[in-house]
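> Each chain is listed here by its residues.
There are 2 protein chains.
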Amino acid sequence: MSKLTDVPKRILIGRALRSDRLGETLLPKRIALPVFASDPLSSVAYAPGEVLLVLSIAGVSAYHFSPWIAAAVVVLMFTVVASYRQNVHAYPSGGGDYEVANTNLGPKAGLTVASALLVDYVLTVAVSISSGIENLGSAIPFVVEHKVFCAIAVIVLLTLMNLRGVKESGTVFAIPTYVFVAGVFTMIAWGAFRGVVLGDEMRAPTADYQIKPEHQGLAGFALVFLLLRAFSSGCAALTGVEAISNGVPAFRKPKSRNAASTLALMGLLAVTMFCGIIALARATGVRMAENPAVDLVHNGVPVGADYVQHPVIAQVAEAVFGSDSILFILLAAATALVLFLAANTAYNGFPLLGSILAQDRYLPRQLHTRGDRLAFSNGIVLLAGAAMLLVWIYRADSTRLIQLYIVGVFVSFTLSQTGMVRHWNRHLATEKDTAKRRHMIRSRAINAFGAFFTGLVLVVVLVTKFTHGAWVALLGMVIFYATMTAIRKHYDRVAEEIAAPEGPSDDIVRPSRVHSVVLISKIHRPTLRALAYAKLLRSDTLEALSVNVDPAETKALRAEWERRGIDVPLKVLDSPYREITRPVIEYVKSLRKESPRDVVSVIIPEYVVGHWYEHLLHNQSALRLKGRLLFTPGVMVTSVPYQLASSEVAKRRARKEWNAPGSVRRGPAQERDRESSASQ
Amino acid sequence: MSKLTDVPKRILIGRALRSDRLGETLLPKRIALPVFASDPLSSVAYAPGEVLLVLSIAGVSAYHFSPWIAAAVVVLMFTVVASYRQNVHAYPSGGGDYEVANTNLGPKAGLTVASALLVDYVLTVAVSISSGIENLGSAIPFVVEHKVFCAIAVIVLLTLMNLRGVKESGTVFAIPTYVFVAGVFTMIAWGAFRGVVLGDEMRAPTADYQIKPEHQGLAGFALVFLLLRAFSSGCAALTGVEAISNGVPAFRKPKSRNAASTLALMGLLAVTMFCGIIALARATGVRMAENPAVDLVHNGVPVGADYVQHPVIAQVAEAVFGSDSILFILLAAATALVLFLAANTAYNGFPLLGSILAQDRYLPRQLHTRGDRLAFSNGIVLLAGAAMLLVWIYRADSTRLIQLYIVGVFVSFTLSQTGMVRHWNRHLATEKDTAKRRHMIRSRAINAFGAFFTGLVLVVVLVTKFTHGAWVALLGMVIFYATMTAIRKHYDRVAEEIAAPEGPSDDIVRPSRVHSVVLISKIHRPTLRALAYAKLLRSDTLEALSVNVDPAETKALRAEWERRGIDVPLKVLDSPYREITRPVIEYVKSLRKESPRDVVSVIIPEYVVGHWYEHLLHNQSALRLKGRLLFTPGVMVTSVPYQLASSEVAKRRARKEWNAPGSVRRGPAQERDRESSASQ
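Going down the list, the sequences are from chains G and P.
Heads up, the first sequence is in UniProt numbering, so the first residue is 1 and it goes up one at a time.
Heads up, the second sequence is in UniProt numbering, so the first residue is 1 and it goes up one at a time.
Since the hints were made in silico from the structure, they are not lab data.
Check before you lean on any hint, since a few could be wrong.
Chain copies aren't distinguished; within one or between two, either way the pair holds.
As the list claims (entries may be wrong) - Simulated crosslink set (DSS-like; lysine-lysine; CA at most 27 Å straight-line): (1) K522 to K108; (2) K29 to K589; (3) K626 to K522; (4) K535 to K593; (5) K212 to K626; (6) K626 to K432; (7) K626 to K535; (8) K555 to K589; (9) K555 to K489; (10) K589 to K535; (11) K522 to K489; (12) K522 to K535.
The structure presented is a predicted model; accordingly, all values stated were derived computationally and were not measured.
Next up, chain G with everything else stripped away, as it sits in the complex (with noise of 0.2 Å):
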């Protein structure tokens, strides 16, 4: 036997390598960064004109916190990364925010992130498709008059392409991500340069307007508290930094080394870009309202319900390379490009997620089958459903969309750092190596205060905008976490159920004899194909079943069984209804009670066929018999296909190749699954 095993692992190998390469192969970190930096790089596309349209609330004159608002926000981009270059450390298999809470603070906990991160990846895919088509639109007008239409159409598209499952490639990543980081620092050095050493005034197409403020000079708490809604928008830069920490085995060796650095290189890019187009923004005198419709006055008149606001980076852009310049539409399409990348990430993680949480049962277990395109799909399509609802309603607004969104990833962060905490508690508790422990302390109180300052912003985060629409996040959350409880409770019952007690017991001691049963329409191939596989299995009686829905066809069978002279007793059902199945069935259920320790083994002969509508012709009745026989107890169903002419088709499609996306930002199977397998 052992030669038949080797066969197909051969087989399987092979074909994994040839359908799966890019996991295969390890990315370096130039590649590394793209692939995964596309989701929190392409944030600083919305992020600061998020800060400046909530300090415009209080007039142009708030402008001039926007500098300290920036710095909060990189003092706390430094923080979050440090962090996670703990967690990439500790936890090499790639140990997303889920398994360090879960592991840590136990699974309701881990329940909470994973509820919190599933919203989040449907609002990753709303938010950056509409600031992409946002930022595409100061290109192209036409996209941005007819804003959710475009969005869900790119929605649509990238569903389909991962539904089909194209494969990516880290060159695809690594192209445009270079393009707009590239072009973002390109803008900054030669506005820099044109402000200060040439002196130029480089203007933004909103500088000679005003905005009238909605609250006339604020002061003491109800400017803290601006400023602190400011922050926390401004908090949307850091979304998707934790994406690392779930890839390290994508990493070349030493993984934790390169993903760490990785890490950082990336936070450094962020918050210059982040800082380069606030100072530009305001050396431009970009000039953003949270309404314009009514806040934006031009020339002593509000623009008016049908101006469109264009987002900073594109304003600012405009300014410094001048508009219609070849540079300022190359970088917009590169910032829509990278937007709608780091939606697609979301494509790759939310079933990547799915699967490790169906592994510990909150989700169908299933889903846990990587690489099975249905269950695949079934993410992809659950994604792409709740991302276009949220589109529709909010019209593609990503600053209202963003209210919504960073909720969600601080309540991972805060988790998984608290997590991490613990982390290193528990193994303070058994390390000696007095380097080691120093190492340690180190990290944990790097961790311990993230937690601190990530549960702060969440506290602020959900202050200050519970009511702009976190609500609706929240309400998310919950509904996922109750979903996934429910799904877990009923698999828990059912495992509790069939546990199989030690020793044999009633229905498990081995009955005594079989009485295989073969159902006969008519005499043809299938049926004789599936008498004679029938007689091969030696059980104790074999007889073929008919039922007699019609006398004439009955006859004929009965003639043409003896003319063959078929060395198997027919027997035939009378059936005045000329019902199939519940003869059948009454059938099944005597011979059951004539010998309750007997086993029936009913044997239907199928034709495959190939496309769903001759599938409508046939079969139907064996389906629903199959289907009734499945609750009677005491029963095997044996199918035995007949495979048509017609079957080649479904075969072809069935066999088509298909690899499921993101395998590129996973790594290679055998080793995640060892070294989580390890990590158990």
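Given chain G, put chain P in place with the hints provided.
Coordinates of chain P only, in the frame set by chain G:
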């Protein structure tokens, strides 16, 4: 074993009697009449109006042609009744038009009739309901004001009743039908009495309206054409006459005689009511216009769009009994009720015809298994959907719907009569007995005239109504015809492909050995049971197969396998991508490659749960695996079900008693089968 057979038979017949008592009791004539005549009798509720409507095109003056048209309809009615009396005698098994055309004129003719009948059933529902609503509306204005809504509501109601399988009884038909007949006759008698004896002047509500003729002073061909159109509209009175010829088995013995006399009685009632209503309409000066809004003038001004033109029968009743009199309202209600019953007959006829067509493999085979709830429902839903569509498109306007109606009826009349002529010719060729011969020749003469006359009418209907909507009906027929031909072609192709060769052939030669493979995920009751069953089958090799989607779990499985000392070798397939289906398929293929003449029996333990949502949480991988295995040659797929506690729910659901509506019209099943098989 003989004892074994009795058990289910007894159970079955017992069950059968319980579940379908009505089917067992034969109908006396007094019940048979209303059961079968609700459709043809109810048509006098709209037929007379249609005649006047068409005539009105040439102005009120043309009304004086109405008696002649009535006379023509009467002649036609007698011809058709006489012809069908022959069918009834020739086909005691209830040879419907389809069977008659099929057996005597060949499949093409049969299929044409079938298509015509299917279209007709749809129209019976649409027309009867719409007209019913109009009649109800003459008493309850609200109903007409929301015509379409009410009509659809009634269809939905009927559909649900039929889907639920509400048991019908003869009396349900008898009461409204007899009330209706009695009501109409009272109206005619009382009207005649008042008019002739008392000599009071009865005036219909529209008596003092004028009609603006669309064509002034028609003459010559134009006039003839108009009269022909009026006639073919009047033919609506004949719809449903053929019903009895389908239902002969439901009659008390002597079946044919009783059926024939019931048919005659029905014809007599129909014509009397038809003529009576037309006469009264003239006497009371009813005015009806094809489009009343503009052509119906009152005091010099058109009545306008919001004028509701009540059916003739209602206007006459109002004139004779006086508006708001009990009798008037009672008659309106009875009329509506009978019309709804007429629609209900289509709900019985459609699936019945479907099952006959399925038997001839023009429709999916499973529709043949009678009393099969699912198959039955499909028919019902298809019928209801089509009818609702028509009602919605034609705004529940019976006049416009009737334009589509009559084509189908006369297609089947003509073909079935022609078929009968052939039938007699065949028998005359062999028959020697002179008395019998004379009788046959007489029958043939009647059918020949019937065929000629109905054929003539068919031509008239086509010519006069084609542009008015008959083309829609024809289109529907073509679609049904094409679909059924395609299905038949498919079945024939498959039958050819799977035809059993004489003597042993390549794929039927008995394979040499069976390798049994039991799929194992964990060790629990279901898997242990599956193992126990598998052992019983004494296949040549037996092994347990597990797919390693999670090394930790697999290790645990191996350990427990050892611990329990299960005496079946456990093989574990690696699956780097956590797939289940592919590794198993590959493995099975490899087994086959090893020894091509052997069979692989894959045994899959399954949980059986009660609720659909539970089902989503289990067996998904198993299901997909089974699906794929069916495409792999040389495999038997066996499910070993394990019924979880919750499965009881579903079991109870499935056990629920259910009986197919329409049984009352079909007669006892055994007889029907015996006879139909005899007549084959």
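> Provide an ascending list of the numbers of those earlier hints which the structure does not satisfy.
2, 5 and 6
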